[in-house]
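Student: If you want the building blocks of each chain, they are given just below.
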Amino acid sequence: ILNVEQSPQSLHVQEGDSTNFTCSFPSSNFYALHWYRWETAKSPEALFVMTLNGDEKKKGRISATLNTKEGYSYLYIKGSQPEDSATYLCAFNNQGGKLIFGQGTELSVKP
Amino acid sequence: GAVVSQHPSWVICKSGTSVKIECRSLDFQATTMFWYRQFPKQSLMLMATSNEGSKATYEQGVEKDKFLINHASLTLSTLTVTSAHPEDSSFYICSALHNRGINEKLFFGSGTQLSVL
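Order-wise, the sequence lines are chains A and B.
So for the first sequence, our numbering puts the first residue at 1; every next one is plus one.
So for the second sequence, our numbering puts the first residue at 112; every next one is plus one.
Careful, some of the hints might be misleading.
Stated by the list, open to error - Covered stretches of chain A, as calculated for chain B (at least 3 residues, CB under 8 Å):
1) 30–44
2) 60–67
Claimed, not checked - Facing chain B, a subset of chain A residues (Cβ under 8 Å, in silico):
3) L52
4) K98
5) L99
Calculated directly from the structure, the hints in this document are not laboratory data.
Glycine included, every Cβ here is placed at the ideal spot set by N, Cα and C.
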């Protein structure tokens, strides 16, 4: 059974704080690791697709790293803003398109 | 970015009735779509892979006669929950696979909250 774990389950930070959370996934048969941002009542929005060990991707204040050998990825948010409040999902992909999701980290940023 | 529309966003029905959920890719063709279910505080769980023009592929433990999937066109997949019961109450969400060369991407609908009374 393939298991994807995210921690923490929820996180409350103040505006301006930097934060990070973790996604753990199986290290065998790796194809890709996806990060999504999911705001309430909206569609999950793709942030990053990471495929190579050591990958580091950045989008504005958000960045992610990938370690496929040990099976983890970190998502970092620098200088959190209230609009960053959302659930951040990671998903492990060992075949094209078929994703196994973690339970998400719910981020709340207070002004 | 590409857009996937899912309807309805919520539905309340009586036990024993059937409910149809639609997933449309609005600005691209999707030969492959996916249906997920999410119970409160749990992960999105893949139910089935919907393939245009052929039968859907169901994940282990998902009853194909209970959750009917039809993908008759390149832009529309439907999930019908037949004879719904309270235990089928859940959040259902679809995604569509958009092939852009080697960088395929998934685009999601906004989900359907089903409540069966």
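Student: Using 8 Å as the Cβ threshold, decide whether L99/A counts as touching chain B.
Tutor: Holds. Min distance 7 Å.
Student: Take the segment 30–44 of chain A, compare each residue's beta carbon with every beta carbon of chain B, and decide whether three or more fall closer than 8 Å.
Tutor: holds (count 6)
Student: Just to be careful: measuring from the Cβ of K98/A to every Cβ in chain B, is the smallest value less than 8 Å?
Tutor: Cβ of K98/A sits 7 Å from chain B, so the hint holds.
Student: Just to be careful: measuring from the Cβ of L52/A to every Cβ in chain B, is the smallest value less than 8 Å?
Tutor: Violated - the Cβ of L52/A stays beyond 8 Å from chain B, reaching only about 13 Å at its closest.
Student: Go check the segment 60–67 of chain A versus chain B for me, would you? Three or more residues, Cβ under 8 Å, otherwise it fails.
Tutor: violated (count 0)
This entry does not satisfy hints 2, 3, going by the numbered hints stated previously.
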